[in-house]
Amino acid sequence: MTRYIIRRILQAIPLLFIISVILFALMMNMGDPLATLGGRQPPRGEDRLRLARQLGLDQPIYMQYVFWLIGNDWMMFDTTGDGAPNAYGTRRGILRGDWGTSLVTRRPVVEMIWQRLPNTLLLMGTAQVVIIVFSLAIGVYSALRQYSVADNVITTGAFIGYSMPIFWLALMLMYIFAVNFKKWGLPYFPTVGMYDPAVGRTFGQVVWHMALPVATLSVTAIAAYSRYIRASMLEVINQDYIRTARSKGLPERLILWRHALKNASLPLVTLIGLDLPLLLAGAVVTERIFAWPGMGRLFLDHVERADYPVLMGILMLVSVAVVVFQILTDIVYTYLDPRIRYS
Amino acid sequence: MSSMAGPARRPTLSTTTESGDVQTKGGALSPWRLAWRRFVRHRMAMAGAVILLLLIVYVVVGAFIFSEAYANQTATFKRLQPPSWEHPFGTDPVGRDVLARTIYGGHISLSIGVSAMLVSVVVGVLIGAIAGYYGGAIDSILMRFTEAVFNIPSLFLLIVMAKFFSGRIPTVELFGRSFSGSVIVIIVVIGLTSWMYLARIVRANYLSLKEREFVLAARCLGVPNWRIITFHILPNTLAPIIVTATLGVAAAILSEAYVSFLGLGVQPPTASWGNMLDGSYVYLESAPWLWFFPGLLIVLTVLSINFVGDGLRDALDPRSLTK
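Heads up: the protein sequence lines correspond to chains A and B, in order. Take the position in the first sequence, starting the count at 1, then add 630; the result is the number in our numbering. Take the position in the second sequence, starting the count at 1, then add 506; the result is the number in our numbering.
Treat the hints with caution; some may be incorrect.
[What the hints assert, rightly or not] Taking CB as the label site, the calculated pair distances span: (1) A/Val809 to B/Val563: 26 to 36 angstroms; (2) B/Ala581 to A/Gly719: 53 to 63 angstroms; (3) B/Leu744 to A/Ile643: 29 to 39 angstroms; (4) B/Leu559 to A/Val809: 31 to 41 angstroms; (5) A/Arg736 to B/Leu559: 27 to 37 angstroms.
If you're looking for bench data, these hints aren't it; they were derived computationally from the structure. Quick reminder that beta carbons are idealized off the backbone N, C-alpha and C, glycines included.
Extracted from the complex, chain A is given alone in its bound form (with noise of 0.2 angstroms):
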């Protein structure tokens, strides 16, 4: 198992880099950094010369690559502008922990996200939380009651859930539970930012302003997971082990939640295991609608500047999460299920 985890490792690394090759070389065509520093008056001419130098961007791209991986402090750099190399460079490299400086706001990437990242982790865990709650209720009751008249509605509903773009989704959401419900005079959802400001970052205010977001991230998953708990469970409801545990006169009870659903809930981990990075990214339409101050947000307004060392360390970080969550999920199932080895 050791030497099992270890060659995943080795292998993630080139994975890794691969991506951050491919990532870095979209990167440099995202428009250009410049022209959105001087605000309103974009630098020209010189000037625009002379920050291109600092920022590094006068490099070639492999050469920006490098330092964007192992940093540029064991080279002299020319940053007077007069042909002659006189300082070494100040970057020590993502390797080296520097996830290097915004182009736009001229702070350490590692903050930007590091700001973002509980506001989505938040949202992520507790849609987690809702779509497995959910998803498992829904894929029971739907599997023990095969074709029946729920069951098809349930399916047809899983299939409608599946097939509806987030953004719709959130739209009809905020129109029914905040637009309509405040013109029928019913408590309704706000549909902006994490808190009222006017009250403060209180527990209330969160869960509150929080509920739509969740709704909105959860319904796609619910619907795809509840098929796959229903298909697994079917499957281990008919097994002679359950049979066995009917005929030594167990309560259904039991035999279902304690007997079958461990067996039948294996395949949610895996896709829990593959899902949850990317549940990072999911958010990037629910932030943008909701003003949810995110990472997905993070994203989303840096690209429009083409600020590639904010882009890169949130591509990079999710990247990471993706690979380092599929070893995790295959090291999971070993001790879910002990009939899985690998050599």
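Based on the hints, put chain B in the right spot on chain A.
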């Protein structure tokens, strides 16, 4: 859902054995006919096919009723009018008729769905086939690349690539209509971010099929490799390709909607269902018809294609009845 990468299907051999539900009278039916029968009996799939047909009729017939000039015609004196007899879906912030725009937007959204799917199928099959057939170093290089692209969350990749290619291609003239070049950009971008899954399935099938006797026989006869890849092995792995391609159309329409919604997709004045929604959430409260109708059309299209794809999967591969 991902059980399509199973053992390869050989339509020439599987006549009546795997179709317990379909009793044939008289001579053996071809496997494609059997699949067709199973598909027709799939209620959800038929419902999906009917809805899809109606949607196609809607955008095709609609184009004869409203001209494109009418769809792009601005009339500021009747901006943001609620649905009425004259404008059944209302008008948008510059007074354009939303109904007419959903028709022309439908052309764009549906053609992006189909063309982006074709791009992703070509790339996916090509990479999968070459990797699976040649194996060895080519295989590991291509599959490492596939895995790398697979590991980047697709929406991020989509946004980054849309930005990468944006503003490259000028307006194009086609069939007497002019399209924003962004349509082509979006087709390529969606195609290039969605081929990975298919590439894996095709590779797995090529890996097992290339060891079969018929491939060996072809090789002994001196058939060139590219002929074996295209004419000998490819027909035997069509079923999963068809299913993935069908579902791919739905995914591509959704992707277009997401990118256009974020303002990075199809650029106005060319309408698409996605970009009609861009910015419409400003009018969430005051003009719900702006976002309701294009969104509803997206949902209906994606839903019906998903139903059809699901039916095709059950019809073409009876062994993968996972649900």
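Here is what the structure says about each hint:
| no. | hint | in the structure |
| --- | --- | --- |
| 1 | A/Val809 to B/Val563: 26 to 36 angstroms | holds, 33 angstroms |
| 2 | B/Ala581 to A/Gly719: 53 to 63 angstroms | holds, 58 angstroms |
| 3 | B/Leu744 to A/Ile643: 29 to 39 angstroms | holds, 38 angstroms |
| 4 | B/Leu559 to A/Val809: 31 to 41 angstroms | holds, 35 angstroms |
| 5 | A/Arg736 to B/Leu559: 27 to 37 angstroms | violated, 57 angstroms |
The earlier numbered hint that this structure contradicts is number 5, and it is the only one.
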